[in-house]
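Chain A is fixed; fit chain H onto it per the hints.
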Amino acid sequence: MILIANKPISDASLPGSFTANSVEGQVFNAMRVSTAQYAYDSIQQLIFELRLRREIVNAADLLYRSGLNFAVFLRTICNEVYWDRTRNGGFQLKSGANPAQAIRDIYENGSQYATECATAMMIVYYKALLETYGESQFNSMFKNIYLMNWYITDPLLQAVGTPKPAADKLLGDRGYFANPDVDPQTPQWQGENVIIMPGGLYYGHGLGMLPADQIIEDLNENRVDDATVSAYMTDSVGRPDFKLLAKYAQ
Amino acid sequence: MQENQSYLERVRIHEGNTRCMEFFEQACVQSQRRAAAMINDEDLTFPTLYLLYSSIRPRQLFLNLNQRNQQMIHILTELKKDKTGNGKVSILAKKQLITHSNLKWAVKTGYQFDGNTNYDFAIDTFICVLLITYRDKEMLPYAEHLIFARHRDGKGIHDLVWAYFHHRDIRVLKQMAEHLQSNDSREAELAAKLLDTERICRGCENAQSGYTTYLKWLEENEPYLFFTGENMFFSRRPTICKVDQERKYRQRNVRAGTEEPE
Numbered sequence: 001m002i003l004i005a006n007k008p009i010s011d012a013s014l015p016g017s018f019t020a021n022s023v024e025g026q027v028f029n030a031m032r033v034s035t036a037q038y039a040y041d042s043i044q045q046l047i048f049e050l051r052l053r054r055e056i057v058n059a060a061d062l063l064y065r066s067g068l069n070f071a072v073f074l075r076t077i078c079n080e081v082y083w084d085r086t087r088n089g090g091f092q093l094k095s096g097a098n099p100a101q102a103i104r105d106i107y108e109n110g111s112q113y114a115t116e117c118a119t120a121m122m123i124v125y126y127k128a129l130l131e132t133y134g135e136s137q138f139n140s141m142f143k144n145i146y147l148m149n150w151y152i153t154d155p156l157l158q159a160v161g162t163p164k165p166a167a168d169k170l171l172g173d174r175g176y177f178a179n180p181d182v183d184p185q186t187p188q189w190q191g192e193n194v195i196i197m198p199g200g201l202y203y204g205h206g207l208g209m210l211p212a213d214q215i216i217e218d219l220n221e222n223r224v225d226d227a228t229v230s231a232y233m234t235d236s237v238g239r240p241d242f243k244l245l246a247k248y249a250q
Numbered sequence: 001m002q003e004n005q006s007y008l009e010r011v012r013i014h015e016g017n018t019r020c021m022e023f024f025e026q027a028c029v030q031s032q033r034r035a036a037a038m039i040n041d042e043d044l045t046f047p048t049l050y051l052l053y054s055s056i057r058p059r060q061l062f063l064n065l066n067q068r069n070q071q072m073i074h075i076l077t078e079l080k081k082d083k084t085g086n087g088k089v090s091i092l093a094k095k096q097l098i099t100h101s102n103l104k105w106a107v108k109t110g111y112q113f114d115g116n117t118n119y120d121f122a123i124d125t126f127i128c129v130l131l132i133t134y135r136d137k138e139m140l141p142y143a144e145h146l147i148f149a150r151h152r153d154g155k156g157i158h159d160l161v162w163a164y165f166h167h168r169d170i171r172v173l174k175q176m177a178e179h180l181q182s183n184d185s186r187e188a189e190l191a192a193k194l195l196d197t198e199r200i201c202r203g204c205e206n207a208q209s210g211y212t213t214y215l216k217w218l219e220e221n222e223p224y225l226f227f228t229g230e231n232m233f234f235s236r237r238p239t240i241c242k243v244d245q246e247r248k249y250r251q252r253n254v255r256a257g258t259e260e261p262e
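Order-wise, the sequence lines are chains A and H. Residue 229 in my numbering sits at position 229 of the first sequence, with consecutive numbering throughout. Residue 25 in my numbering sits at position 25 of the second sequence, with consecutive numbering throughout.
Chain A extracted, bound-state conformation:
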């Protein structure tokens, strides 16, 4: 159920000009028929969330095609024109570098970068926000980007690092596949962060764009020899604070 200013949306008509098959349309319908309540102060707030979810999905799809490599934190690499690699394997935006250009560079020169799955999620969020806000506003909001999973995140993005159980898993949510019996030689496969994509697919950096059973199969291949517990998808999802971010939309 969707509530706008405490009132349920009366019909199934889509706000804005979204089609039913678009990401926005699919999310809207999932929310509308859900038993959970999705409450907004205004229709603009709802539309902002739908648009940002679409950009998250687009950004995940593009990152998948970017040639970005996979590496554990100790082996990460980045394009030093835009980023400084920190000792813990994170990427710190270089002093004086243009934040929007630096994010775009990851997409355009993906092969010059290598990182693990959670940092890839942060890259997806920054790209989605760049497309949502536009370059000028993005640059004024995110002057000091630090990419390293959820360890140190911008206050505006901290909500994505604290997943919570959710009634619905919606397109653009961050999901998580846990792998309790992971081989200690490959702790990076103790779980896989994914973006929930259309068509029953999940984008997880290092594994690819796959259905859930394939992700579980891939994770299971990285378990200890005497493993007894299969990898599985958790009930929790990570979501940006859409309402907070909507305040900055012009």
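There is no bait here: all hints are sound.
Simulated crosslink set (SDA-like; lysine to any residue; CA at most 20 Å straight-line): (1) H:Lys108 - H:Leu97; (2) H:Lys193 - A:Thr153; (3) H:Lys83 - A:Asn69; (4) A:Lys247 - A:Ser140; (5) H:Lys174 - H:Phe226; (6) A:Lys164 - H:Lys193; (7) H:Lys108 - H:Leu140; (8) H:Lys95 - A:Asp181; (9) A:Lys164 - H:Gln245; (10) H:Lys137 - H:Gln96; (11) H:Lys83 - A:Arg87; (12) H:Lys193 - A:Asn88; (13) A:Lys169 - A:Val33; (14) H:Lys83 - A:Leu207; (15) A:Lys164 - H:Asp196.
To list a few chain A residues with every Cβ distance to chain H over 12 Å, as calculated: (16) Pro15; (17) Lys143; (18) Thr228.
Which residues of chain H face chain A? A partial, calculated answer using Cβ under 7 Å: (19) Gly85; (20) Lys88; (21) Phe121; (22) Gly156; (23) Asn231.
It is worth saying that the hints were derived from the structure and are not from the lab. We put the CB at the ideal spot given by N, CA and C, even for glycine.
Only chain H this time, still in chain A's reference frame:
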């Protein structure tokens, strides 16, 4: 400690890495057997073996090395080949007494050495394997030391933290809680973050009261605690363990005579 130092150790520590490597190269030219004997010295440490790896690897002297050094050179070769961290060393997948002993030697003699990224990668891998495959609790203090040392140096700690808490033992929480009262505020903050004490110690005026409050909470809830398996890849503030409120509540009712025991 000083008395038991091998000759190569003394050169490395007192004259530096470069001199140690030069000295070893000269020794190899003069006598490979003598060079191998220096490496085989039982008091040699892992950092020195690691430093001399490239001098040992291409030489015939490998065949003159003892079992410990041959195995460690083999493991390092496999680890160094792995550019992304996705590879596996087959020896490390199978439990073997001798591998266990060799890995422990590497960690015990090498955990305090400030090495490069590849060195850290090797030590992290050994600790994870020892703690999880071998369930070797003797490694917990070494992992704990490294978590705080690495954090102080701005290095990554995710895998070490994961392996440290993997034992799902209340004693591990108590041990980590000791750092809540550290004079080093960064150390105390990290311990608070790892133990997720924010809710438990809210309102505590200082580190000492936070520590006391956490220990009381542990004592009160120990029978009802369960480990969640959360980690730093999943959440920015993973909750390592939670209280099973339902069980705790039911138990209290039973104690108070308001509910029949199961």
